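Residues per chain are reported as follows:
Protein chains: 2
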Amino acid sequence: MNDNKEFVKEITNIEKDFAKWYTDIVLKADLADYTDTKGCIAIKPYGYAIWENIQKYTDEKFKKAGVKNIYLPVLIPESLLEKEKDHVEGFAPEVAWVTVGGCEELDEKLCIRPTSETMFSTMYAKWLKSWRDLPFIYNQWCNVLRWEKETRPFLRSREFLWQEGHTIHATEEEAKARTMQMLNIYQEVIEDLLAIPVLKGRKTPNEQFAGAEETYTVETLMHDGRALQAGTSHYFGQNFTKPFNIKFQNKEGKEEYAYQTSWGISTRLIGAVIMAHGDNRGLKLPPKVAPIQVIIVPVALHKEGVVEKAQQLYESLKQHYRTQVDLRDNYSNGYKFNDWEMRGVPIRIEIGPRDIENGVAILVRRDTGEKITVPINEIAQIIEKLLADIQNNLYCQCEKRNSEKTNIATNLDEFNKVINEKQGYIKAMWCGSTECENKIKEVTGAHSRCIPFQQEHISENCVVCGKKANTMVVWGRQY
Amino acid sequence: MNDNKEFVKEITNIEKDFAKWYTDIVLKADLADYTDTKGCIAIKPYGYAIWENIQKYTDEKFKKAGVKNIYLPVLIPESLLEKEKDHVEGFAPEVAWVTVGGCEELDEKLCIRPTSETMFSTMYAKWLKSWRDLPFIYNQWCNVLRWEKETRPFLRSREFLWQEGHTIHATEEEAKARTMQMLNIYQEVIEDLLAIPVLKGRKTPNEQFAGAEETYTVETLMHDGRALQAGTSHYFGQNFTKPFNIKFQNKEGKEEYAYQTSWGISTRLIGAVIMAHGDNRGLKLPPKVAPIQVIIVPVALHKEGVVEKAQQLYESLKQHYRTQVDLRDNYSNGYKFNDWEMRGVPIRIEIGPRDIENGVAILVRRDTGEKITVPINEIAQIIEKLLADIQNNLYCQCEKRNSEKTNIATNLDEFNKVINEKQGYIKAMWCGSTECENKIKEVTGAHSRCIPFQQEHISENCVVCGKKANTMVVWGRQY
Numbered sequence: 029m030n031d032n033k034e035f036v037k038e039i040t041n042i043e044k045d046f047a048k049w050y051t052d053i054v055l056k057a058d059l060a061d062y063t064d065t066k067g068c069i070a071i072k073p074y075g076y077a078i079w080e081n082i083q084k085y086t087d088e089k090f091k092k093a094g095v096k097n098i099y100l101p102v103l104i105p106e107s108l109l110e111k112e113k114d115h116v117e118g119f120a121p122e123v124a125w126v127t128v129g130g131c132e133e134l135d136e137k138l139c140i141r142p143t144s145e146t147m148f149s150t151m152y153a154k155w156l157k158s159w160r161d162l163p164f165i166y167n168q169w170c171n172v173l174r175w176e177k178e179t180r181p182f183l184r185s186r187e188f189l190w191q192e193g194h195t196i197h198a199t200e201e202e203a204k205a206r207t208m209q210m211l212n213i214y215q216e217v218i219e220d221l222l223a224i225p226v227l228k229g230r231k232t233p234n235e236q237f238a239g240a241e242e243t244y245t246v247e248t249l250m251h252d253g254r255a256l257q258a259g260t261s262h263y264f265g266q267n268f269t270k271p272f273n274i275k276f277q278n279k280e281g282k283e284e285y286a287y288q289t290s291w292g293i294s295t296r297l298i299g300a301v302i303m304a305h306g307d308n309r310g311l312k313l314p315p316k317v318a319p320i321q322v323i324i325v326p327v328a329l330h331k332e333g334v335v336e337k338a339q340q341l342y343e344s345l346k347q348h349y350r351t352q353v354d355l356r357d358n359y360s361n362g363y364k365f366n367d368w369e370m371r372g373v374p375i376r377i378e379i380g381p382r383d384i385e386n387g388v389a390i391l392v393r394r395d396t397g398e399k400i401t402v403p404i405n406e407i408a409q410i411i412e413k414l415l416a417d418i419q420n421n422l423y424c425q426c427e428k429r430n431s432e433k434t435n436i437a438t439n440l441d442e443f444n445k446v447i448n449e450k451q452g453y454i455k456a457m458w459c460g461s462t463e464c465e466n467k468i469k470e471v472t473g474a475h476s477r478c479i480p481f482q483q484e485h486i487s488e489n490c491v492v493c494g495k496k497a498n499t500m501v502v503w504g505r506q507y
Numbered sequence: 029m030n031d032n033k034e035f036v037k038e039i040t041n042i043e044k045d046f047a048k049w050y051t052d053i054v055l056k057a058d059l060a061d062y063t064d065t066k067g068c069i070a071i072k073p074y075g076y077a078i079w080e081n082i083q084k085y086t087d088e089k090f091k092k093a094g095v096k097n098i099y100l101p102v103l104i105p106e107s108l109l110e111k112e113k114d115h116v117e118g119f120a121p122e123v124a125w126v127t128v129g130g131c132e133e134l135d136e137k138l139c140i141r142p143t144s145e146t147m148f149s150t151m152y153a154k155w156l157k158s159w160r161d162l163p164f165i166y167n168q169w170c171n172v173l174r175w176e177k178e179t180r181p182f183l184r185s186r187e188f189l190w191q192e193g194h195t196i197h198a199t200e201e202e203a204k205a206r207t208m209q210m211l212n213i214y215q216e217v218i219e220d221l222l223a224i225p226v227l228k229g230r231k232t233p234n235e236q237f238a239g240a241e242e243t244y245t246v247e248t249l250m251h252d253g254r255a256l257q258a259g260t261s262h263y264f265g266q267n268f269t270k271p272f273n274i275k276f277q278n279k280e281g282k283e284e285y286a287y288q289t290s291w292g293i294s295t296r297l298i299g300a301v302i303m304a305h306g307d308n309r310g311l312k313l314p315p316k317v318a319p320i321q322v323i324i325v326p327v328a329l330h331k332e333g334v335v336e337k338a339q340q341l342y343e344s345l346k347q348h349y350r351t352q353v354d355l356r357d358n359y360s361n362g363y364k365f366n367d368w369e370m371r372g373v374p375i376r377i378e379i380g381p382r383d384i385e386n387g388v389a390i391l392v393r394r395d396t397g398e399k400i401t402v403p404i405n406e407i408a409q410i411i412e413k414l415l416a417d418i419q420n421n422l423y424c425q426c427e428k429r430n431s432e433k434t435n436i437a438t439n440l441d442e443f444n445k446v447i448n449e450k451q452g453y454i455k456a457m458w459c460g461s462t463e464c465e466n467k468i469k470e471v472t473g474a475h476s477r478c479i480p481f482q483q484e485h486i487s488e489n490c491v492v493c494g495k496k497a498n499t500m501v502v503w504g505r506q507y
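Protein sequences appear in the order of chains B and X.
Residue numbering for the first sequence follows my numbering, starting at 29 and increasing by one per position.
Residue numbering for the second sequence follows my numbering, starting at 29 and increasing by one per position.
For reference, chain B alone in the conformation it holds in the complex (with noise of 0.2 angstroms):
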């Protein structure tokens, strides 16, 4: 046991400084590190397997969507950028600009992309002709970059990963409902893979994307009662489609412009596995996208047969499960213990020379600690059950937290005095005012998460400036 506290010493307390105990949580589980590019990090093999299962799962989804994955240039000349006035006052201040290539001054500077709207209505713009082509459903799975000033690993980062869907459309009927169903995807994505529940619905006018008609997004709360923007979904209109020119011939031969989304969801998912499941020994991973499912620690390595029998059970497993064996022999049965529940492996498998004797195995749970002694020739079969229930049981628990940390406010005195005491979600009426919505933020430092698809009746007046109210606004302090 004394390894178990050396090395749990280590990590900070979740409750005590959630903020270090999550930096801790991304260097010592191998996630990620620093760079020398300041506010740039590097990913490291553990942390860019949990993307790669992000991305697998997704794009999956995306291609029985009739998505179709494209690639657009990462520099964008400053005169494109400039072509949709929203747009540009909400990027240009957060760029980074290229200002000489190949040792030589550039006539136009070029910015690195911080998101490619601009860079996809322009080509667009070249490849529409006529209704026959529409609809454009295109994605691009790439690094963006953006000038952030205070930076945390996956959360905001100046360069990140993600995918930036572009779709054009012959009617705003077709371009709603695509609005609609990729939200719907980035949920599946949330929910089902990530095991984090979500809140979906409509920003408000201040929180929508740069150029945005309409933005819809899926939040999700994590263990201090922050939320977090899990992804989001634009309709545009008509807004980009018009100053990029982007027409089509109808079918009765008429120049229309055509309506357009956009919607993305980024390597900052990482950070709300993290926020959403870990604990005091570290990471809990999700098994759907835990990069080791299955983690083999043969216990008494030097006794004769152990590592064989170890081996060959990774052998079997391997086939159906993403497995490991840990054979490392400088390092102590409890500092492995301790490590790969730190690293979040959803189910750790004992064997001994005792257990190999009796044909059994241990297998222990990391959500809930839980161990069960199995026979061998059964534990394919129980850990497939297991991985079940343990994916379904860390949805359990944040949703038991969500409805925890979810509260009702009717004026704002008690607005502050709830966001105090309890972080989380705060469902509040509001009268539709930007006013108001500031006044918030500005007395309570809370942003208002969306407004709910699923629409309650808190109260007949807005929370801040009393008067009739019918929206229901989820609010909430953000990463």
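Quick caveat, the hints were computed from the structure, so don't treat them as lab data.
All values derive from a computational prediction rather than experimental measurement.
Incorrect hints may have been included.
As the list makes no split between identical chains, a pair holds if one copy fits it or if it spans any two.
[To be verified] Calculated pairs, BS3-like style, for lysine-lysine (alpha carbon to alpha carbon, straight line, at most 30 angstroms):
1) LYS154 <-> LYS66
2) LYS496 <-> LYS445
3) LYS177 <-> LYS346
4) LYS337 <-> LYS91
5) LYS91 <-> LYS496
6) LYS56 <-> LYS275
Got chain B sorted already, so can you dock chain X onto it with the hints?
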């Protein structure tokens, strides 16, 4: 047949102007397009799907070979780039510099990675402690930027997509073995997946990667007899580990510098596929990498039951092969046949009312133009065999061309005559001096492709200076 002629007219004749033919194919087969960012292309869905197939195949091989994916920053501080003398000399002239970030002039400018040896080395120095940590076998799939003056889609684009693997090892032997192992994987990718035979060997010092001790290459020969370097694998020795201070404690407790490798293939391979296999009718895609392996073109769409039968066939085939059905009602059959031939789809299925009556369909091979009538209920098995045949035939066609276009030379006049008349590879003896190598470049425009692993004794003396020579080099003009 009218359709046919009209359509084919759009593509430049391959023998008349190969460069123009190439650009025609890139644009008309919908692989890529030019953008507003000079020297950078948009990779369209059909082109990107080829890249995805290359990635999938390669990444699986990598993972089996113990490679782990990571992601490092796209921006590299100037001071890092400057640490290895040869490397900075090689790359500094062709990088793009970020000098402004978030509206402020930067203290230190950042280059967009042209390759990431310096960034990997910096991280490896941080991560490496003991011999137990070794080896690091990491790779990233990413974009890179090189400020080329003359660009061509896929072949030489300012921005391109690639993978760059970087490894460090405890011993020279292990690092050298890894260099070869990865070169062999590239051979598999190019020969097995892309159906292009490679010439494998070591680069002359002149053609080595900036900073490498040894560079190995897989070279390919295109339709016009020019060579294309398709993949390279470098052994660095301690050239980077010393200036970057990548040290570890060996088993005896002493500090040692590690040994390093790097290796890469890129979207350039799409250019290789176009130029190795294409003909006057357009692209010819090897079935293993083709985004669409089978295209079903129902003939007489308006006749009862035709669309239904085509759909039915599509549903059954798509489970085994990447299949599409062409239901466009605004193009003639002739146009469609030509269109899919131009896009290089390996097998076309034609099915019309009479075929349906007889329970047959017509299969047309893209590589030979051969047509066969087959019973519908045997079609899936016949396609399997046919796709394998086509894959194999494309490889053999290239092999045949390689041997036709490989010649020898024993003196410089002969060399010059042969390369002007026949292009292709020239085998000739070389004394090992850079002067002789430069002389060939100057007089004939040919670069040394490599010193092949399979050596032959062409003549006694160096093709340039006439001194005794034991090394056979293969030369050729290049892309």
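Hint-by-hint comparison with the structure:
no., hint, in the structure
1, LYS154 <-> LYS66, "between (37 angstroms within a copy, 16 angstroms between copies)"
2, LYS496 <-> LYS445, "within (22 angstroms within a copy, 91 angstroms between copies)"
3, LYS177 <-> LYS346, "neither (44 angstroms within a copy, 50 angstroms between copies)"
4, LYS337 <-> LYS91, "between (42 angstroms within a copy, 25 angstroms between copies)"
5, LYS91 <-> LYS496, "neither (45 angstroms within a copy, 61 angstroms between copies)"
6, LYS56 <-> LYS275, "between (52 angstroms within a copy, 21 angstroms between copies)"
Checked against the numbered hints listed earlier, the structure breaks hints 3, 5; every other hint is satisfied.
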